[in-house]
Amino acid sequence: MLLLTAQVVCFIIFSFTMSTSLKNRRKQFLVNKSLQFHVMGWAFVILLVVSSCIVFSLYFGVWSQALQEFSDENIQNALQFASRVQDYDAARFGQSNSEELANPRLAFIKDTERFSERQREMIQGILDRAHERLMALGLPLLILIALSTVYLSHKIAGPLYRFGKSFEELGTKNLTIRVRLRKFDEAKTLSAVFNQAVVKLDGAMGKIKKILRENQNPSLLKNELSKEISEFRTTEE
Amino acid sequence: MSSPKKSANSGPRKSKLFFCPLIGILFISFVSGPLAPAEAAVPRENLPKKEFLRTVQKDAFLYFVKCSDPRTGLTRDSSQPGSPASIAATGFSLAALAIAQEQGWISYADAYRQILKTLETLEQKAQHKNGFYFHFLDARTGKRVWGSEASSIDTALVLAGALLAGEYFKGTPIETLARKIYRRVNWKWMMNGSDLICMGWKPENGFLPYYWDSYNELIILQALAIGSPTFPIPSSAWNQWDRFEDEYNGRKIIYSHSGSLFTYQYSQAFIDFRNLDDKGVNYFENSKQATLANKEFCYNNRLSYKTYGESFWGLSACLGPGGYRAYGARPGQAQHDGTVAPHACAASIVFTPHETLQTLRFLCKNYPDQVYGEFGFKDSFNLAKNWWAYEYLGIDQGIMILMIENYLTEGVWSRFMNLRPVEKWISLCGLKKEIS
Numbered sequence: 763m764l765l766l767t768a769q770v771v772c773f774i775i776f777s778f779t780m781s782t783s784l785k786n787r788r789k790q791f792l793v794n795k796s797l798q799f800h801v802m803g804w805a806f807v808i809l810l811v812v813s814s815c816i817v818f819s820l821y822f823g824v825w826s827q828a829l830q831e832f833s834d835e836n837i838q839n840a841l842q843f844a845s846r847v848q849d850y851d852a853a854r855f856g857q858s859n860s861e862e863l864a865n866p867r868l869a870f871i872k873d874t875e876r877f878s879e880r881q882r883e884m885i886q887g888i889l890d891r892a893h894e895r896l897m898a899l900g901l902p903l904l905i906l907i908a909l910s911t912v913y914l915s916h917k918i919a920g921p922l923y924r925f926g927k928s929f930e931e932l933g934t935k936n937l938t939i940r941v942r943l944r945k946f947d948e949a950k951t952l953s954a955v956f957n958q959a960v961v962k963l964d965g966a967m968g969k970i971k972k973i974l975r976e977n978q979n980p981s982l983l984k985n986e987l988s989k990e991i992s993e994f995r996t997t998e999e
Numbered sequence: 009m010s011s012p013k014k015s016a017n018s019g020p021r022k023s024k025l026f027f028c029p030l031i032g033i034l035f036i037s038f039v040s041g042p043l044a045p046a047e048a049a050v051p052r053e054n055l056p057k058k059e060f061l062r063t064v065q066k067d068a069f070l071y072f073v074k075c076s077d078p079r080t081g082l083t084r085d086s087s088q089p090g091s092p093a094s095i096a097a098t099g100f101s102l103a104a105l106a107i108a109q110e111q112g113w114i115s116y117a118d119a120y121r122q123i124l125k126t127l128e129t130l131e132q133k134a135q136h137k138n139g140f141y142f143h144f145l146d147a148r149t150g151k152r153v154w155g156s157e158a159s160s161i162d163t164a165l166v167l168a169g170a171l172l173a174g175e176y177f178k179g180t181p182i183e184t185l186a187r188k189i190y191r192r193v194n195w196k197w198m199m200n201g202s203d204l205i206c207m208g209w210k211p212e213n214g215f216l217p218y219y220w221d222s223y224n225e226l227i228i229l230q231a232l233a234i235g236s237p238t239f240p241i242p243s244s245a246w247n248q249w250d251r252f253e254d255e256y257n258g259r260k261i262i263y264s265h266s267g268s269l270f271t272y273q274y275s276q277a278f279i280d281f282r283n284l285d286d287k288g289v290n291y292f293e294n295s296k297q298a299t300l301a302n303k304e305f306c307y308n309n310r311l312s313y314k315t316y317g318e319s320f321w322g323l324s325a326c327l328g329p330g331g332y333r334a335y336g337a338r339p340g341q342a343q344h345d346g347t348v349a350p351h352a353c354a355a356s357i358v359f360t361p362h363e364t365l366q367t368l369r370f371l372c373k374n375y376p377d378q379v380y381g382e383f384g385f386k387d388s389f390n391l392a393k394n395w396w397a398y399e400y401l402g403i404d405q406g407i408m409i410l411m412i413e414n415y416l417t418e419g420v421w422s423r424f425m426n427l428r429p430v431e432k433w434i435s436l437c438g439l440k441k442e443i444s
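Same order as they appear, the protein sequences are chains A and B. When we follow this note's numbering, the leftmost residue of the first sequence carries the number 763, and every step to the right adds one. When we follow this note's numbering, the leftmost residue of the second sequence carries the number 9, and every step to the right adds one.
Wrong hints could be hidden among the right ones.
As the list claims (entries may be wrong) - BS3-like, lysine-lysine: derived pairs with alpha carbons at most 30 Å apart:
| # | chain 1 | residue 1 | chain 2 | residue 2 |
| --- | --- | --- | --- | --- |
| 1 | B | K151 | A | K872 |
| 2 | B | K66 | B | K296 |
| 3 | B | K296 | B | K314 |
| 4 | B | K178 | B | K133 |
| 5 | B | K210 | A | K872 |
| 6 | B | K393 | A | K872 |
| 7 | B | K440 | B | K287 |
| 8 | B | K178 | B | K188 |
| 9 | B | K151 | B | K196 |
| 10 | A | K962 | A | K984 |
| 11 | B | K287 | B | K432 |
| 12 | A | K872 | B | K137 |
Note that these hints are calculated values from the structure, not bench results. Just so we're clear, the structure is a prediction, and the values are computed from it rather than from any experiment.
Using the sequences and the accompanying hints, generate a full structural model.
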């Protein structure tokens with residue numbers, strides 16, 4: 763969720779910065795609704811999955827541990843062991859138990875001190891384990907995010923690359939070129955429009971070639987060609 | 009350009025591949041499981057001696073299977089849920105695993121794996137100061153818990169267990185690793201500029217104001233500290249601690265302050281004192297006399313305490329109706345309330361085999377359900393108060409296993425006495441080897 767929020771915030775800041783520049787002011791953010799919604803949808807789903815993993819790991823991994831540590835049973839065990847540690851010290855270091863036996867409250871206070879010390883250790887332990895867990899989870903998450911980025915960028919950069927190559931081919935006067943995209947790649951509509959345009963150009967050029975091949979009479983040839991070429995608009999005109 | 013069919017499949021396959029490792033990682037990070045519990049039947053009191061003792065020993069060993077963390081090998085202080093790992097219990101666990109594989113209770117490969125894992129934890133994860141481990145550790149992480157001290161005696165016990173395991177697995181990485189963690193200990197630092205070894209050190213307060221200054225379980229600590237190849241303490245430290253002598257029932261004993269049986273047992277679980285003379289004192293014979301005195305002390309108090317009235321004995325540090333106490337007999341402080349520890353009686357097998365076997369068999373015959381459980385003899389009981397310990401302590405289980413092994417095969421003694429540091433300690437302290 764944190765990642766997703768950060769992404770959204772970055773997007774807003776970026777958009778705002780761009781829109782404030784008068785020269786490059788955007789009048790419309792959704793220039794290609796279908797494409798943009800598609801990319802946004804993918805980004806949302808992937809980031810949602812990644813963020814959910816973090817949240818679930820944190821919630822169930824860390825806080826369920828905390829709840830377990832402080833369960834009634836564990837508290838009872840810890841209290842008992844607090845008393846045991848007092849006894850161990852008394853046995854080993856020769857501290858007399860008689861004072862505590864005579865005054866149970868004193869023994870209770872000492873047990874409580876031990877217990878509270880243990881509680882601080884437990885909380886520290888939970889934090890330490892949470893950090894370890896985050897560290898352990900951090901690396902696979904980074905890899906996942908990196909792979910997601912590669913996948914997302916490929917969905918967009920792949921078609922752009924193919925369009926570039928196709929335009930290059932077009933520059934070499936190859937009108938047989940067609941753009942074919944992967945099923946889940948972006949810019950499907952654009953590729954259809956592009957292919958349609960190339961089909962038209964290919965058809966027109968084919969027709970011109972046919973006229974040249976079939977007409978031997980120069981005046982007839984000129985008429986036919988003029989008629990066909992007149993449909994093209996060029997900068998020369 | 010590209011084939012539309014191929015591109016149609018690559019998208020979803022890729023996205024599936026992205027999430028599979030993540031799901032796997034999440035699954036592995038939450039999965040863990042302890043070893044399955046094992047049940048133990050009370051040994052029949054009329055079993056032949058060896059079989060009876062092996063049954064007791066094997067059942068006690070199960071504690072170390074069940075109560076050691078499968079990830080780190082660190083052994084819990086007690087069978088009570090939530091108990092932290094105790095570094096001394098971990099030392100006994102290392103020794104117990106080595107014995108168990110020799111007896112065929114577990115395979116060589118399993119014991120090897122478990123011991124190596126434990127030693128790796130001790131080397132890399134277990135929190136220590138200058139090689140001295142903290143008394144209580146988190147069994148999973150190896151970090152200090154309960155504000156415990158970096159303890160000199162508990163470190164000595166874990167090292168003794170590690171070095172012993174190294175002898176059982178000679179020429180393997182276990183031996184190398186055991187020596188490595190032993191060589192790391194700066195014994196001289198623990199003297200804190202004095203002539204004696206301090207009991208411990210805490211990060212908050214520094215050295216504890218207590219020193220190992222009189223006879224008790226300190227001998228194993230002194231032996232390893234004097235025999236250290238890296239940071240030895242001066243051999244003069246051997247003569248710095250007091251050897252108070254007193255008499256009980258006509259028995260002259262160099263006694264420990266508490267008079268607890270364990271103080272006469274721990275060092276001798278590893279060191280074979282039978283043929284060692286320390287300026288006229290044989291500590292094996294001393295422990296034997298102390299054990300007999302302990303039994304006689306109980307007998308002499310039989311009219312006041314029902315437990316002793318039924319011929320039970322074994323006053324040692326153990327759980328009692330009012331908590332853990334350093335129970336003991338004369339000579340010494342002799343704190344007692346009628347609570348006896350079967351483990352203390354069992355661990356006396358090398359000193360008083362006849363008396364020990366008689367008492368243990370009698371216990372099994374008369375109180376099988378109350379006194380014997382999943383891991384063999386429960387820690388302690390008090391008949392007058394009808395109080396029976398329901399839990400087990402790691403160090404009490406461990407001492408039984410080692411002492412029974414010494415009684416039956418001398419397997420621990422023979423290996424431990426071959427260690428170079430032990431030979432060095434004997435030589436530097438002028439202990440004379442008697443000809444038996």
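> Where does the structure disagree with the numbered hints, that is, which hint numbers, in rising order?
Replying inline: none
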